[in-house]
Amino acid sequence: MELKEKLISSFVAFEEGLKGEHERLHDIRLEALKLFEEKGFPTKKEEAWKYTSLNSILKNDFSIIPKNETVVEYKEVKKYLLSDSDTYKLVFINGIFSSHLSSTTHDGLDVCLMSSALTKPKYKMIIDAHYNTCVDKNDSMTALNTAYATEGAFINIPKSKVVSKPIEIIYLSTTENQALLVQPRNLIIVGENAHVQILERHQSITECSVFTNSTTEIVAHKRAIVDFYKLQNDLDTGTLIDNTFIKQKQESRVSVHTFSFGGKLTRNNLNFYQEGERIDSTLKGITLIDGKQHVDHYTLVSHNQPNCESHQNYKGIYDDNSIGVFNGKIYVDKIAQKTDGFQQSNNVLLSDKAHIYAKPQLEIFADDVKCSHGCTIGQLNDEAMFYMRQRGIPKKEAKALLMYAFTDEVMQSVKIPELKTKVARVIAKKLGVSMGFEI
Amino acid sequence: MSKYTEEDLKKELETKEYEYGFYTDIESETFPIGLNEEVIKAISAKKEEPEWMTEWRLESFRIWQKMVEPEWANVKYEKPDFQAISYYSAPKKKDKYKSLDEVDPELLDTFNKLGISIEEQKRLSGVAMDIVMDSVSVATTFKETLAEKGIIFCSISEAIRNHPDLVKKYLGTVVPQTDNFYAALNSAVFSDGSFCYIPKGVRCPMELSTYFRINQAGTGQFERTLVIADEDSYVSYLEGCTAPSRDENQLHAAVVELIALDNAEIKYSTVQNWFPGDSSGKGGVFNFVTKRGLAEKNAKISWTQVETGSAVTWKYPSCILKGDNAIGEFYSIAVTNNFQQADTGTKMIHLGKNTRSTIISKGISAGKSQNSYRGLVQIGPRAENARNFSQCDSLLMGNECGAHTFPYIEAKNPTAQIEHEATTSKIGEDQIFYCNQRGIPTEKAIALIVNGFSKEVLNKLPMEFAVEAQKLLEISLEGSVG
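If you're matching them up, the sequences are chains A and B in order. What the first sequence shows, in our numbering, is residues 778 to 1216, in sequence order. What the second sequence shows, in our numbering, is residues 781 to 1262, in sequence order.
Just chain B, same shape as in the assembly (with noise of 0.2 Å):
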């Protein structure tokens, strides 16, 4: 029988590299760090954006300014300087590009490094992806079998130019750019993402998916999405991310807008890998992303996250279930080793009568790393027969990590019926003695019981990402999940 205990895999877990902390080396053209309301206005220069834009910026830039990091949050970490940050970095480029062998090769290899062949996956699996690099959109995969059906789906910069109405009519009313500090940044300086409209009665064909990367030193990435599915729509939206191991820490700051018209469904994954900082802590990404939806009438919002990255994580994708009949769906797993910290977890607002939500939530912590679970579940006064389940399990590998549950629960109508439980637990040395019995190597087994523990959420990824993630699993604790 093998002697492979939590020990070595521990140390393991301590000496996994980071294995896509690779830098590609394309020429980019970054501004200088700073920033100030001449920035913005290069920026928005830079992507050519109607005036309007520029004002929305400026605003927003204003908002900003006048408010103060927030503290709340059960992660430590030194504040970045955000005159220390460049706030633009786009891979040098002439053209737009209209089919992949435009494509710098050496972008395409990147790619390819990942895991993540853009050809291969449009042969195979039919996904259509927006890459984004350096927060600039480089690529955007089956435009045209898309447009055939009358979705939209390209970089935001381009929606500002080509469908300013759709834009100017939903952007900042999910995430107003009030809403926080980190919102109110992007905001003002986001400088791509991705834009998806899915038009009334259409079921997307195929899941769309955006890959984000921070490639250039000292930048920041802000990148905007924005998906709005129209009456009886269909959509289901992939996001994955990753960034080269550097030393300091970069800065990434996203928001996530989501619209379900009446009857429309938007289930949306993520599968965030940034760099999380070596195994002393050194270096990583910070990620601040403030994500919400807002369900009408009928609507469904479905979040689906695999946390595995980033040095701090500070994410809580949230659910406005305003129309009546609205469900709201959060599942997510949250990997923290080493030196990590995330403090992540859910927001559920149910304002709608008979309106339903469901919370999954398990958190795996591993090194000296501190995982926390934030949530709220609100019922308004006027949610008649609003439901709400949330479960949130922790799984504790080693007595340096903390795991820690902060769920609020606000019920201002009596039909509700609110139900929340929590559980911490460590793999029970009952259980892999269980599986030595029977031949099976502690490694093996101790993949297998994490692999058990999180499956209720990995089953709700889509076929595509579900492999994925079980792979980041794999580099996240050890090498042999799945």
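If we strip away everything but chain A, and leave its shape as in the complex, we get (with noise of 0.2 Å):
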């Protein structure tokens, strides 16, 4: 049976499974499925997936509902994580939450789960006020996720709270018999004035098939600050599709990294809609692939108001066999006078056979703006590369120190210092050198 028959037919048994939640949420359920079954997975013919297929990792597969708890020693995952105490945390296995893994809270602010959210009296008002908001209702990706989902973090921060230390979000993957959909949900909501930085994580810890369709909500209030960043860093047997929604109110500045390491095929579909002046919204993210990895980018900058701003870079570096895609698009309405609109997006090739699709779009209505797009497909510099050699530096760090130059204007910005030496660490491997400032 294909997997889009499966998952239809599957929905009656599902929701039989699910016990005590809000009811407005069956409608959203429901809704969402029928909209899947009218589009389905999408495919090539679609503008937005020119570039990218699903059809080989359809072919599997998959159980769809989770099953239980697998249990993964502390040892294991401690090298993923930022450190030992000075982090909040929602590990997650194989879709299912690791509570013996993670510290959650209550105290102050809410950093729990999404089927406690759904399922509890007391979040029911934030909810509805919130689940389900921001989202593209016309996504087929998104409205799977909005059928199936259960599980996965629910961050609420109060008005005018600074969140003294990080939150991380892990999601680990270690089936090893049958592929496996997992689909979390995530809504992070952040009151007036307040700030929070955020990590989410995808690694797999051992071979296995997995496919994540995961769907993050973010709201940000006014004047709060939101800084989030995503680490993708599966096995060439993950997929990984990532929608994000965030929905800025007035003078807020919401900043999002795209760390695309790992996984087979990863495709990043990040949305800020902006609902207020003065806002101030971040996209930065690097690429760093071989073999025959695939990561596409697709972004969307709503300028809806007017006197905000908006910031894109996107460095990417493939290598092998890999495809990048990259497409951008800023849109800004007729009254989003004075927007500020910059977007630019840096690729290097390294092998004859690696490709790169870019499709940078403006779509502008309104007069007085500053709009401007970039993007350069190229090499390292030849240069370069001589004047280092010229003075012992072997080729292969040469290379690598090159790289670290080319990527090292969005790891400025990164503001956890655990996480940049993290980061680096992880380019280090990938470059297959040890260069002594990744520490």
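Each hint should be verified, as a subset may be incorrect.
[Claimed, not checked] A partial selection of chain B residues facing chain A, derived with a Cβ cut-off under 10 Å:
#1 C1172
#2 E1180
#3 F1186
[Claimed, not checked] Heads up, simulated DSS-like pairs for lysine-lysine below, C-alpha to C-alpha not over 25 Å straight-line:
#4 K1127(B) to K1077(B)
#5 K821(A) to K846(B)
#6 K846(B) to K827(A)
#7 K822(A) to K856(B)
#8 K796(A) to K822(A)
#9 K859(B) to K1062(B)
#10 K827(A) to K856(B)
#11 K859(B) to K822(A)
#12 K1130(A) to K1127(B)
#13 K1069(A) to K1173(A)
#14 K1069(A) to K836(A)
#15 K1111(A) to K1148(B)
#16 K1127(B) to K822(A)
#17 K827(A) to K1127(B)
#18 K1148(B) to K1147(A)
#19 K796(A) to K901(A)
#20 K1133(B) to K1130(A)
#21 K1111(A) to K856(B)
#22 K1206(B) to K1111(A)
#23 K821(B) to K846(B)
#24 K816(A) to K914(A)
#25 K1026(A) to K938(A)
#26 K1133(B) to K1077(B)
#27 K1148(B) to K1133(B)
#28 K1115(A) to K1206(B)
#29 K1224(B) to K1235(B)
#30 K1147(A) to K1235(B)
#31 K1147(A) to K1206(B)
#32 K1111(A) to K1102(B)
#33 K949(B) to K826(B)
#34 K1115(A) to K1148(B)
#35 K980(B) to K1077(B)
#36 K1102(B) to K1130(A)
#37 K1147(A) to K1224(B)
#38 K822(A) to K846(B)
#39 K1111(A) to K914(A)
#40 K1127(B) to K821(A)
Note that these hints are calculated values from the structure, not bench results. Just so you know, even glycine gets a beta-carbon here, dropped at the ideal spot from N, CA and C.
Need the complex rebuilt from these two chains, each delivered in its own frame; the hints are there to steer you.
Spelled out as structure tokens, the structure:
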């Protein structure tokens, strides 16, 4: 049976298994399933998926409803964490929350589970107000997530709260026998003047075929500051479709950094909706892939109000047979005067077989705006290579140095020092060098 | 200081009439409306075409019937009813004209109104012209002078009759019948157009030019242009278009094919000024054009276009850089006003080694118009050291218009170097203030800025056309550009 049919036919059984959810959720799920039934999985015929095909992945026989908790030793997980105690942690293994690895809180802020937010009466109001409100209701992958999602992170930061330590959300995959479809759902609400740093990490521990279709909604209220980091480092058997929707209110500042290093296929749909004045949105990313990996960044910044800014900066390095796609869109509504939208995508191709497809788009309906985009595709500078080798730096290290320099612009704006080190280490490992400055 | 503001300019733009909106009363012969195989056979018979051509048209028609109208472009319009159009309209005439004296004086008058007195041009600028009115070529000037050099410059129907080998060899090689909906339609029903062949090693001594005009109501214009530059040759080709004002939409679906063989160079310039519709968005020409050039080894193809007219423009002059070291260039100014919509850009397909391409596109939108740039830069796996530079700038006037950019970049070779830049801006208040301060009234200042904005492209036009292009910018935008 095809995955689509399987998903549609199993829905009734799946819903019966759920207990005590808020009543509105049933309608939300049903409506989403209907859209998915109508649209199905995206194909290359759709403009938004022109360069990315899911066909080879959909052939797998996925188990679609998560099973019981898998036990993973803390020491195995430890190396993927930022620190032992200085963070709030939400660890999910194969889509199931692992309580002994996590540290949640309700003390002054809520860092807990989506499943409890969807069932406990005290969260009903907040779920009613925000759940499924930011998403693009015409997107079939998001709809599929909405229909089936039960678990994920629920983070609610009240007004004027500055969260003292970063929050880590970690998705580990460990299954060995059966291919697994997991659909995490995160909802993050950041109140007025609040400040929070969040890291979301996707990591495979063992060889397994996991298809993650994740949806994250972030609501940033007035003057809130949100730093969101995504670290994607699955093994070559993992597929990740990440849909992130961010609704920003007046004077809020949200930045999202996406580090795509792993996975067979990664698709990042990152959508910013600006719903107030003087908003600042930042989208940055580093993509470093090889083998037969495929990373597709699809971004949208929707400027709906005047005097807002957006900054996009994506760096990509592609080796072997890897394929990179960048599709960035800046939309400026006719009332969004004085918008300052900037978008840049720089790419380096290291091998003959690597491909890159870029489509930076501008859609502008207001006249008093400053919007620009730049896109480059090129190689490492021969002269710089020569200069370094002349001074005794071996070719591999020289190449790595240049790539470090290339990605530095994005690394500079990472505000968690531990994370910076972690990312630098992953990059060093990927490049197969030990440079000394990644510690 | 004059109180001329952008508001005034906008008002002026809205009320500015289309200057070329006259209708010439020349008796013409028009086919009844509708399209079927009989009509195509009739067109073919009318043109005294050989059988292979009739077959080619019918084949295209069958392909066209299976195709659907494309909808991906960022334009909205009521789809033309292809059965409500007359596919052939020719000014009535007895014989082929030998000299200008034989041309209908009223027709000449039309050209005078257009500001292109043929005689004057003949004398002053040395431009050889082929004039196509309602899709039939009515006059080709300077034919004899060109013939001395071995250059063939005539209408395409004449070429089909007199040079069938060349036409047979190249027609449909760059834009095949199956290419797209409008190209297939054009291949089936094209009534005339220009044909040009430059022999080996010849540098065409003068600019070649075609002028298109839709005159008759309820007709579609489908012309076909084929330019072949043989090895080591050079030609500069100009094309201009106008149409009278009418309430209903007229359809224009042309195909232009350029073939530049080894070391040849073709420079193709267009000034398009079809009737854009009135200020309420009524009428205007639908301009659906397929233009493509094929560049062999060391060849160069350069497209320059000034797009000011048409209600809807759908046009992507492209270059296939097939040979090593081939060069493709695209310079464009697209101006939209009132309810005009333009979706235009280019495709640069890099196949050969060391191929280079440059794209400079300037979009100016005013009124309630929508202006889109859509482009593709594709570097094939074998195109070592390919280089591309693209720049798309948009200028917005007023907050009811839109500017859009859809660039596609596909690189399959690691040695490729691609740069793409795009900006959108309005005329800066500080820029205007600076001019005002120095005693330049706002109206002049705006003109100055618009002119400066489009200069990079205007500079690429041949002298004879640059003046006219500036004149067109005037009509489209305001009273005093230049």
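> Which numbered conditions among the earlier hints are violated in the structure presented, ordered from lowest to highest?
Replying inline: 8, 27 and 32
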